[in-house]
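There are 2 protein chains.
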Amino acid sequence: MVTVMTKIPKTHPRRESLELRERLVDGFASGIVAPHGLIAHGRGEMFYYLLGERTVKHARVAARAAATTLIVAKQPVISVNGNVAALCPRAIADLSKAIPAKIEIGLFHRSDERLSKIQAALEREGVSQVLGFLPDERIPGLEGARGLCTREGIYSADAVLVALEDGDRAEALVGMGKKVVAVDLNPLSRTARSATVTVVDEVTKALPLITGCVEELKGDTTEMDRALERYDRDENLRAVMRLMASNLEQLGTEPGSQ
Amino acid sequence: MVTVMTKIPKTHPRRESLELRERLVDGFASGIVAPHGLIAHGRGEMFYYLLGERTVKHARVAARAAATTLIVAKQPVISVNGNVAALCPRAIADLSKAIPAKIEIGLFHRSDERLSKIQAALEREGVSQVLGFLPDERIPGLEGARGLCTREGIYSADAVLVALEDGDRAEALVGMGKKVVAVDLNPLSRTARSATVTVVDEVTKALPLITGCVEELKGDTTEMDRALERYDRDENLRAVMRLMASNLEQLGTEPGSQ
Numbered sequence: 001m002v003t004v005m006t007k008i009p010k011t012h013p014r015r016e017s018l019e020l021r022e023r024l025v026d027g028f029a030s031g032i033v034a035p036h037g038l039i040a041h042g043r044g045e046m047f048y049y050l051l052g053e054r055t056v057k058h059a060r061v062a063a064r065a066a067a068t069t070l071i072v073a074k075q076p077v078i079s080v081n082g083n084v085a086a087l088c089p090r091a092i093a094d095l096s097k098a099i100p101a102k103i104e105i106g107l108f109h110r111s112d113e114r115l116s117k118i119q120a121a122l123e124r125e126g127v128s129q130v131l132g133f134l135p136d137e138r139i140p141g142l143e144g145a146r147g148l149c150t151r152e153g154i155y156s157a158d159a160v161l162v163a164l165e166d167g168d169r170a171e172a173l174v175g176m177g178k179k180v181v182a183v184d185l186n187p188l189s190r191t192a193r194s195a196t197v198t199v200v201d202e203v204t205k206a207l208p209l210i211t212g213c214v215e216e217l218k219g220d221t222t223e224m225d226r227a228l229e230r231y232d233r234d235e236n237l238r239a240v241m242r243l244m245a246s247n248l249e250q251l252g253t254e255p256g257s258q
Numbered sequence: 001m002v003t004v005m006t007k008i009p010k011t012h013p014r015r016e017s018l019e020l021r022e023r024l025v026d027g028f029a030s031g032i033v034a035p036h037g038l039i040a041h042g043r044g045e046m047f048y049y050l051l052g053e054r055t056v057k058h059a060r061v062a063a064r065a066a067a068t069t070l071i072v073a074k075q076p077v078i079s080v081n082g083n084v085a086a087l088c089p090r091a092i093a094d095l096s097k098a099i100p101a102k103i104e105i106g107l108f109h110r111s112d113e114r115l116s117k118i119q120a121a122l123e124r125e126g127v128s129q130v131l132g133f134l135p136d137e138r139i140p141g142l143e144g145a146r147g148l149c150t151r152e153g154i155y156s157a158d159a160v161l162v163a164l165e166d167g168d169r170a171e172a173l174v175g176m177g178k179k180v181v182a183v184d185l186n187p188l189s190r191t192a193r194s195a196t197v198t199v200v201d202e203v204t205k206a207l208p209l210i211t212g213c214v215e216e217l218k219g220d221t222t223e224m225d226r227a228l229e230r231y232d233r234d235e236n237l238r239a240v241m242r243l244m245a246s247n248l249e250q251l252g253t254e255p256g257s258q
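These protein sequence lines are chains A and B, in that order.
Sequential numbering from 1 applies to the first sequence in the working numbering.
Sequential numbering from 1 applies to the second sequence in the working numbering.
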């Protein structure tokens, strides 16, 4: 693995965001992340910045609904792409154990080499079975290699968690009648707007948050029902957008940022 | 040059933005753009999206002040990095002829190979002299290769145009007493907030806009004075931020986007 980590001063106000950026660039250098994944990360960075670079209460409400959706599913699957694997392979492993859920790699810019590297990164975190290398089914409506999936995993799943996912794929999974749990920093994205439950938070925070909710809610049907009742996707996304808009206005009046 | 252009339907509502993205990825494949440049482009994409993906009137006001600043300078220099060279080498060549201004390459992640490729891209557009390959001075306050510049170019310049530039570098140039004209989609960035004149617009639009203003204003001292009088950086940036915040709120109520 080529290390291109840049030193970031410990006191830097945006240290965490810059460290995530370096993790992505490392993942790119090691062949896990695609060039388009870097651009997508930049888009996410700006939404996270507008969010105040913190987990907002709307994300906590959504995380409880997300956890419930994954707990009650008969065949839940976590879909992993290059960016997520580069940022938080451990968090994926932890969530898959807590639910428990299968893990399948799904790439927009698919290559066997990238798939192998992502698989290896997950196996290093103790994941024993990673699906996706030998696809035997297709997601209807997605052309070419993007549509490949496995019968054992995503094709048969009744609930799929997608993080930092392309809108076409998220919509296609919803179109197959699956419950889709999305982690996405852009409340305006088609992924965010089409998923059953959308957690608007940075993925390295969101996955452990959902894992914590899974551990807390499992077996507690009253609280699980309440979690679903309290969550309204469109209302949640609108609240996040209002927050971002308000932060943007406020940032404009403060000195020094970015 | 490796071409990885993805076909984008002509009717796609965000076609232009997606084509710029592909141009960046092409520039990356051909060695002009650095990995961090891809992430930075993603950040810009989101601000452009919030801007409504169009040139707003505040950008037109700023462009007139920018043109005037470059016209009246004794030694104006256009600083070029990988992203700008990948996106619009012709626009750089045109602006440098209109002012006229020297062109110097300045890279955050400097490598001789990348420098040569950017130089070649500019020369293909008819630029006869590109500075930056043999630096003999430093920009005070910038460590390592980032601080390198030429005495003939940026070091001696009284006005420098920077596009999509890192905040440290923009601030350091201002610290040297130079007038800095910035093109930046992020009205919150340190570059935008420290430059003498900041044009918040997508660079492939902004440079031709400034070139047009140069051609119109040159020799017309009354209009040039007026252009500077009418421009207030902080007020201009605040107006752009309010517009973005308002667009963000509105987008939240409309179906389908991103």
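Honestly, the hints are just simulated from the structure, not real lab data.
Some hints could be false.
Note that the list lumps identical chains together, so a pair holds whenever it fits in one copy or between two copies.
Listed below are the simulated SDA-like cross-link pairs for lysine to any residue, each with C-alpha atoms no more than 25 Å apart in a straight line [as the list claims (entries may be wrong)]:
id : residue 1 : residue 2
1  : Lys218    : Arg23
2  : Lys57     : Gln250
3  : Lys205    : Arg54
4  : Lys218    : Arg14
5  : Lys117    : Ile139
6  : Lys218    : Ser246
7  : Lys218    : Leu115
8  : Lys117    : Ala29
9  : Lys57     : Asn247
10 : Lys117    : Leu243
11 : Lys117    : Asp232
12 : Lys117    : Gly31
13 : Lys218    : His109
14 : Lys74     : Phe133
15 : Lys117    : Asp26
16 : Lys57     : Leu251
Hint check, failures only: Of the numbered hints given earlier, those the structure breaks are 1, 4, 6, 7, 10, 11, 13, listed in rising order.
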